[in-house]
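Chain U is already provided as a structure; the job is to place chain B on it using the hints.
Number of protein chains: 2
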Amino acid sequence: MTLSKDTKILIVGLGLIGGSYAEALTTLGYEVGAVTRRRETIDYALDRGLIAHGTTEVTPEYIGRFDLIVFALYPHVFLEWLRSYQDYIKRGALLTDVTGVKESVVYPVQEMLREDLEFIGAHPMAGRETSGVEYATREIFKGANYIVTPTSRNTKEAIESCKELGRILGFKRIMELSPKEHDEMIGFLSQLTHCIAVSLMVCKDSRELVAYTGDSFRDLTRIANINDEMWSELFLLNKKELLSQMDLFSEKFGELRRMIEEEDRSGMREMMKLSTERRGYFKE
Amino acid sequence: MTLSKDTKILIVGLGLIGGSYAEALTTLGYEVGAVTRRRETIDYALDRGLIAHGTTEVTPEYIGRFDLIVFALYPHVFLEWLRSYQDYIKRGALLTDVTGVKESVVYPVQEMLREDLEFIGAHPMAGRETSGVEYATREIFKGANYIVTPTSRNTKEAIESCKELGRILGFKRIMELSPKEHDEMIGFLSQLTHCIAVSLMVCKDSRELVAYTGDSFRDLTRIANINDEMWSELFLLNKKELLSQMDLFSEKFGELRRMIEEEDRSGMREMMKLSTERRGYFKE
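In the order they appear, the protein sequences are chains U and B. Position one of the first sequence corresponds to residue 1 (the numbering used here), numbered consecutively onward. Position one of the second sequence corresponds to residue 1 (the numbering used here), numbered consecutively onward.
The set of hints was computed from the structure by calculation and includes no laboratory data. It should be emphasised that the depicted structure is a prediction, and the values quoted were computed from it without experimental measurement. There could be a bad hint or two in this list.
Stated by the list, open to error - Below, in silico cross-link-like pairs of lysine to any residue (SDA-like), each with a Cα-Cα straight-line distance of 25 Å or less:
hint	chain 1	residue 1	chain 2	residue 2
1	U	Lys90	U	Arg114
2	U	Lys163	U	Gly64
3	U	Lys142	B	Glu208
4	B	Lys8	B	Gly92
5	B	Lys239	U	Leu274
6	U	Lys252	B	Val210
7	B	Lys239	U	Ser206
8	U	Lys252	B	Ser244
9	B	Lys90	B	Thr59
10	B	Lys156	B	Asp6
11	B	Lys180	U	Arg218
12	B	Lys172	B	Thr151
The following block holds chain U by itself, in its conformation from the complex:
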């Protein structure tokens, strides 16, 4: 399947990300439909012109119309959906997703999928501290990364179509990683940082500290405002990788602790110099 203006696109799950996909693609002139759980979500999206049509009923007639289907669901809901309804999908359609973990999603999906369908995993690294279609906007894709995670089962054509989708959505950088590389990267850069922020935030009832906080504490805990349902699922789906990243961090934190305890000033300074040097790779 090659993306063209005639491609009919279905968004399954109209939350923040699904809604933002819908808005971007409708604005670009594609015919975008949606399936989601709540009728009010469909009404809202129709009212705002995010979609051309939509339904809460999953029927063969509706699902069978689409050439490209984007799944913007919680991972376990995504897998259940496919188990129940993949027979409704149009022959030869291309499927992709927006899930934040890849190994535990991409392989099971490709394993269970009908022979004539193709699934190519993608992770749009965009988001907000809020959720829901009311916050949907293609603005969140600006400056963000879009990662495509093909496997040996994917065709070149599907990989290209998926990258093209990222480009037309307005992502800054389109990258390709294996599901394993993706999960390792996300385990460190995103999941570990959320674990740190949450752990720091629950250390104390910080109400009386608010008056004293400068930027550093605020910076470190911004992501401690967290969607517990989604993140607990994502953590568990990347459990092995995340635990290993947490252990790596604990090891370094423990090293620093030991140096402070032993008053190993030169060791501390060396670690801080390395830290400063490496932070320098990040321009801002």
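What follows is chain B alone, placed relative to chain U:
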């Protein structure tokens, strides 16, 4: 000593903070002098009009002219300076500082000080990622906190003068804490967060990760760009408190790790809910 337009103010140590004090006070019309190590620093400050006069030579004639002395030195240098030169100070002068730790500075200083002098500790919670007089500007005080840390040895008059100094420098909030309360607060909000940022930053040679980093990793590591000489000294001077804060964090981080390992989803969600609730105390 009450602060008035006739008060002659000496800044000892013209770095980022000392220079910013000088700029603010000179602009307000005070006569500001400076003692610092390098001649170029004095020349720069004179050239930019940050000070009225200054010297690299610590003489009784020069030091003896001032009513209020602000020490903006590394803690151990501050203590050494007083040991060597406190005899030069004018009778009845008021001394204050800008040091980021308090118990290990305030008590030794008050213990060693001449009977006719008074030292009142203060911590202007302002700074930048850069150091040096070239970056000095009173802009860094805007929106920042100024904490006065009196002990039983301090007079009401000195406490008021010190608070007045914070006000005229342009700090947003002037607060009073005991040295112990200050160090506990700073150990958690500032030192622990720097320890976390440094530990995270040294986990990996992150050069190949730069392309993938979104805001969360950048936010958590902004302060990993760190002045190793100053921070290693501050950490060691607040060692007991910092170690206890580090242990508190490790305990929470370990709890989360165990929950992930045991797939205790409800425990994880509960912790994340608490984290989200507490982050809500911080408006931004």
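Hint-by-hint comparison with the structure:
no.: 1; hint: U:Lys90 x U:Arg114; verdict: holds (11 Å)
no.: 2; hint: U:Lys163 x U:Gly64; verdict: holds (24 Å)
no.: 3; hint: U:Lys142 x B:Glu208; verdict: holds (22 Å)
no.: 4; hint: B:Lys8 x B:Gly92; verdict: holds (13 Å)
no.: 5; hint: B:Lys239 x U:Leu274; verdict: holds (22 Å)
no.: 6; hint: U:Lys252 x B:Val210; verdict: holds (20 Å)
no.: 7; hint: B:Lys239 x U:Ser206; verdict: holds (22 Å)
no.: 8; hint: U:Lys252 x B:Ser244; verdict: holds (17 Å)
no.: 9; hint: B:Lys90 x B:Thr59; verdict: holds (12 Å)
no.: 10; hint: B:Lys156 x B:Asp6; verdict: holds (21 Å)
no.: 11; hint: B:Lys180 x U:Arg218; verdict: holds (23 Å)
no.: 12; hint: B:Lys172 x B:Thr151; verdict: holds (23 Å)
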